[in-house]
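*Asks:* Full structure from sequences and hints, please.
Protein sequence lines, in the order shown, are assigned to chains A and B. Residues 856 to 1128 (our numbering) make up the first sequence, in order. Residues 904 to 1775 (our numbering) make up the second sequence, in order.
Note that these hints are calculated values from the structure, not bench results. Treat the hints with caution; some may be incorrect.
Unchecked claim - The calculated label-pair distances, taken between Cβ atoms and stated as ranges, are:
#1 B:P1432 / A:I991: 53 to 61 Å
#2 B:A1579 / A:H875: 33 to 41 Å
#3 A:S1053 / B:M1569: 45 to 53 Å
#4 B:D936 / A:Q1084: 27 to 35 Å
#5 B:P1409 / A:Q1084: 52 to 60 Å
#6 B:S1651 / A:L893: 26 to 34 Å
As the list claims (entries may be wrong) - Now the stretches of chain B that chain A is said to cover, found in silico as 3 or more residues with beta-carbon under 8 Å:
#7 1560-1569
#8 1747-1756
A virtual CB, placed ideally from N, CA and C, is assigned to each residue, including glycine.
Chain by chain, the residues:
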Amino acid sequence: MTEQPGTRTSMDRKMVHPQHGAEGTILDIDNFCLWYGLKQALFNNTISVEKGLVTALIGPSGCGKSTLLRSLNRMNDLIEGLHTSGEIRLDNQNIFDSHVDVIALRKRMGMVFQKPNPFPMTISDNVSYPLKIDGIRDRRILSETVEKSLQSAALWDEVKDRLKDNALGLSGGQQQRLCIARAIAADPEVLLMDEPCSALDPMATTKIEDLINELRGRYSIIIVTHNMQQAARVSDNTAFMYLGKIIEYGKTDTIFTKPRSQQTQDYVTGRFG
Amino acid sequence: MQQTTTEKTVPIPGLRRDKTVKKSVIWADRLADRIITIGGILVIVAVLGILVFLTVETLPLFRSGQTTGQFRYQLHDPPPVILGAGMDEYHTLTYMLLPDGRIRVFHTRTGYEMNPLHISADGAAITASADSMDQESLALGFSDGTIRIAATSFDMSVIPESDLPSGLTKIDDVDQTDGDTVFSRITGDQYRLIRFRATVEEPIPSSPTGQPITNLAFQSSGEAERQTRALVSLDKSGYLSMNRVQEKVNLMTGIKKTEIEDIRLPPLPKDIRISVIRLSELVDTLLVACEDGRLFRYNLQNTATPVLAETTRVLPAGQTLTVCEYLLGSQSLLVGGSDGSLNLFFTIIEPQMGTADKRVMVKAREFTPMTAPVVRISAATRGKTFAQSTTAGSIRVAHATSQKTLLTMEPQTPSPPLALLLAPRMDGVFYLSQSGEASLVQFSTPHPETSFQTLFQRVWYEGYTEPTFTWQSSGASDSFEPKLSLIPLIFGSVKAAMYSLLFAVPIALLAAIYTSEFVHPKIRDILKPIMEIMASLPSVVLGFVAALVLAPVVENWIAAILLSFILIPVIMLTGSLFWQFIPLHLTARHGGIFRVIGAMLLLFVMAGITILLTPGFEAFFFQGDFKSWLTGNTGDALPFLFLILLPVSALITGLFYSRFVNTWLMTIYGRNSLLAASVMDVGKWVFLSVMTMGVSFLMARIMSRYGFDLRGSLVGTYVQRNTLVVGFAMGFAVIPIIYTIAEDALNSVPNHLRAASLGCGATQWQTTIYVVLPAALSGVFSAVMIGLGRAVGETMIVVMAAGNTPLIDLNIFNGLRALSATIAVELPEAVKDGTLYRVLFLSGLVLFAMTFVINTVAEVVRLRFRKRAAQL
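*Replies:* Below, the structure written as C-alpha cells:
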C-alpha cells in the first residue's frame, strides 16, 4: 500500500482550496497510511493544516477521524501492531523520524479528549500539571500560569475561589474547559480536540464553541466532530473523511454549501452518517 | 380497542405462548435466594462462632477464685499452741501436732475427732517443728536439745463397696470411720480410705548444751535409700547449729547407716533476736530473720565452708517481722511486717553490690497491705499460690506472681489464727482460730498464675535482674514457674511481618508498576500468571527450603547478600543509563523483549560480580569477616552506617538534584544532540553517585562520632535461622498477593487518565508517579495491608525458619518466635483446659484480632478505592 512520496492521488484535486491562514501551514499530512495489524485504517491522506485556523475533521463513525488526529501527536504509538507509512510534518520535520522526541512533540501538540478527563487532584494541580512534569516548581510561575490558562479557557471566574477543590467536583462542561486549560498551560502550538463536546449538554457545548472561537489565531486547532453544525459553526477549513480516506478538504462554507463530491454532499445533507 | 390489542399479541398464529412465569422458575429462584442467604449467614455465624469459642476458652484465665463449698464448726477443746499441721488432698483429714507429743487428727469438714497419735520422746516436750518442702517429713525439736525426724503421710487406697467393713460410724453424707481410717464414698460404688500415719526416727543431738530447740529449719532430698537431710536449729541460748544427716541403706543387708555431719556456720552478731530461720529446698541458702527486720543470708553452695553472704533489711526501721516464708522453689520469700504489709523478695545476680557471692536480695513485689499484721502464711506445694492470715483472722489467698486475689474471707468473730492450711491442690483453705472456730472453704481457681499483667506487662520473675516480658512455657524442674508473656510472641509476629514486607513490598510494587505500566501487554500476559504461580507454593515447602537450604546459604554468603542489596539497584540503574546509547529506532521497535532479556542478563552478571567482589568488600568494610564484625569485637560503627545510609543519601541527593539542578540541566540537554546528551547523562550519574557516597559517608561519620552504632539494635550477633531468612521466605510468600492486588488496582485506573497525562507530554514514568499511582494509592495500600495480614498469620515458614526464640530484639540476624508458630508448636503438648492450653487460645484470639483489624482496614480502604475508581 505504500506509495512513493510525492505521487498524488486523485483525491488531491478535491482539496486544493483550503482557506489560507495568515502564517502559512503548520502541519503537512503527506500520503499518510496507517494499519492496525493487517487492517488498514487510513489510506493515503494528504492535507495541509493552516496555522492559526480551526480545521474540522468530519465524517461518519469509524471513518478514521480520531485515528488520524491521534497520529498527529503519536498517541497511537502504544497500540499493538500499529504501523504507518507516509509522513506527517510539523514545521517540515517528519514526526515519525526515529530521532524525534515523542515527549517533546506532545508538548507542542496539546490534546483534548472526547470524555472530560481531569486528574483526580485539585483544579490548580490539574492546570499546572504540564509545568510540574517539566520540573517547574516556582510557585509564582505556577499560579500565574494557572490563572492565565483558566482565563484563556473561560473558566477562571467560575473556579477562582475553589482552586484547591478536587477537579472531579466540577460539572462536565467545566471539566472539559479545565482540560482545555490544562492543554493550554503547556503552551502548545497545535490544539488537538477529539470530539470535545460529544459528552456535554448543549449549554456546555456552546461555551466550548465560544472558547474555540476565542482561541482561534492563538493556536492552530484541529477538531474532530461528527456534529456537522458544530463544524460549520467553529471551523475555517473542513476535511470530510469516509472509510479512512479524506474525500474532500476545503473551506468550511464550500464543503457545506458546494461540495464537489457526491459523498460529501450526501453526508452534509444528512442522507447517511 | 380490546380487539386490536388481542390481535397485536397474536402476530403469528401457532406461536402463541403463555407469557406467565412458570411456577418451577419461581420456585428455583426462591430456592436459590434462600440457599445463598443461608450460606452467607452461615459464614458469618461460623466466623462469629470461632470468635466466641476463642473468647470463651480464654475467659477463665482472667477469673479469680470461686467458692465451691464452705464448712464451719466449733472445734472441741482447741489447743493453745499448734506446732505443725497438715491436710490431705481431698480435704478429709487434718492433723495438729501439740507440744506434748500428741497428734490430734480430725475430720476436716466436720471436726469429728479421730483417734490421736502419740510421739514418745522420753518425757521431753516438743518445742519446735519444721516441715520439708515436700511435706512428707517433719523435723521436731525437743526440750532436751535433740531433733527427731518424723515421717508423716496420708495413706490412701480405694476399695469396692463389698469390702467395706461393718460397724462404721457415720460422719456425714459421704464419710464413715472406724476411728483411724475415713471411708469416703466416691463415684462407682467405691470407697476411698484415708488414714494419717506418723513414725518417728532416732534422735539427733543438736544443741551442744542440751538446751531446748526454739527454731528449726529442715529440708530433705535424695532417693529413699540415699537420703540427705539438712537441719538448722537454734537453741534457747541462741546457738545456731547446722547438721547434715546422710542415710545410706545397704541394698544387700538392708542395714541403715546414718552419718551426721556438723557444719560450722559463720557467727552472727550477738545482740539479735532471731525470729525465723529458713532453709531453701536445695540447701544452698539459709536465711536468718530477726524480729527487727534484719535478714542474714548464708550461701551454702559450698557445704564445707558456708559464707554469710549478705546482711540486709527486709522491713523499714521500727517495724517488727511478723511472718517470713518461702514460696515453692525456695527462691521467693514473703515477708510480713507489723503494719500489715506483705512483700516478696528474691536474690538476683548483681556483681556491683559487693556481696560475697555477687548476689543480692531485692524487693520484687508489694502486695496490697492488710488491715492487721500477717502472722500465718501457707504456701502451696504446686505453684506460687499462698494463703495468708492476719492477727484478726482475715484470710486472703493470692498468687505471688500474678498478684491475683483468689479468695478473701473474714471470720465471724475476729480472733488470732491457730492454724492456716492451704490444701495441696490449692483448692481449699482451712482455718482454725484460737477460740476454736474452724472453717474450711473450698474454691476453684483453675488459672491463678495468669492475669492481664502476667500476659501483657513486664513481670519480675525470680532470678531475673529486672522485670521483663518473658515467654517460657515449660521447664525442667517441678518448681518451675511458667512465664507466659504474650508480648515477645506478638513482637515476633510483627517483626517477621515487618522485615518480610520490607523485602516484599518494594519488589511486589515495582513489579506491579512494571507490568501494569511499562511492559508490553504480551509480556504482561506471561509475567502475571508466573507471579501468581508463586502463590501456589505451599508455605511448608517454602519453610523447609528456607530452613534447610536458604539459611546455610545466607549464612555463608551474608556479606555477598549485603553487597547485592547495594549492587543490584546500582547496576540496574547503570544498565538503564547505557540503554540510552542504543539508537532510538531499535529500542522503539524491539524495546520490550530486549529490555526484559537485558535486565535478566544483567542480573546474572551482577551475581557474578557480587561474588567476585565480596572478599574485597568484606576486607575493606568489615576487617575481613562480617560476622565477627557483627559481634562487636572488631571494627567500628562507620562502615555499616555508611552502607545503610546510602539509600537515604541517594534520596537526599536526588531531591536536591531535581529541585535545583534538573531544570537547568534539561535546557542544556535540549541544546545538544541525543548522543551528547546521553554522554552528559553518564557524567551526571557519576557525579551524583559520588555525591551520594560523600553525603552518606559524612552522615555516617557524624553519627559514629556521636557513638551511634547499629550493632546491638538493628544488627547484631548472627544466628543461622534468623529474621533475614524469614524475611526472604515469607517475602516470597506474600509477594504474589501484594503484586496481584496492586497490579489490579493500577490496571483499574482508567486509560483516559493515562492518555491525558501522556497527551500533556509526560513520560511513562511521570504518568505513573503523578497520575496512576496516586489514583490507585488506596488500592495499593490495601494490597500491602493484605500482605501484612498474610505475613502476620503465616505459620509454617516462621515455625521452620525463625529459630523460635522468644526474644524481643530488633536484630535482623537474630531469630524470633511468632504467635502462630507458638500455637503450632506448643498446642500438641498443652494439657486440655490447662493454663498453657488457654494461653495458646488467647494467642489465637490475639492473632485473630490482629489479622482481623489489618484485613478490615485493607478491605475498607479497598472499598473506598473502588468507589473512587468508579467515579474516575
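*Asks:* None of the hints should be skipped; say for each whether it holds.
*Replies:* Outcome of the hint check:
1. B:P1432 / A:I991: 53 to 61 Å: Since the Cβ atoms of B:P1432 and A:I991 sit about 42 Å apart, the hinted range of 53 to 61 Å is violated.
2. B:A1579 / A:H875: 33 to 41 Å: holds, 39 Å
3. A:S1053 / B:M1569: 45 to 53 Å: violated, 37 Å
4. B:D936 / A:Q1084: 27 to 35 Å: Violated, since B:D936 and A:Q1084 (Cβ atoms, about 52 Å apart) do not stay within the stated range.
5. B:P1409 / A:Q1084: 52 to 60 Å: Given range 52 to 60 Å: holds, Cβ gap about 55 Å.
6. B:S1651 / A:L893: 26 to 34 Å: holds, 31 Å
7. 1560-1569: holds (count 5)
8. 1747-1756: violated (count 0)
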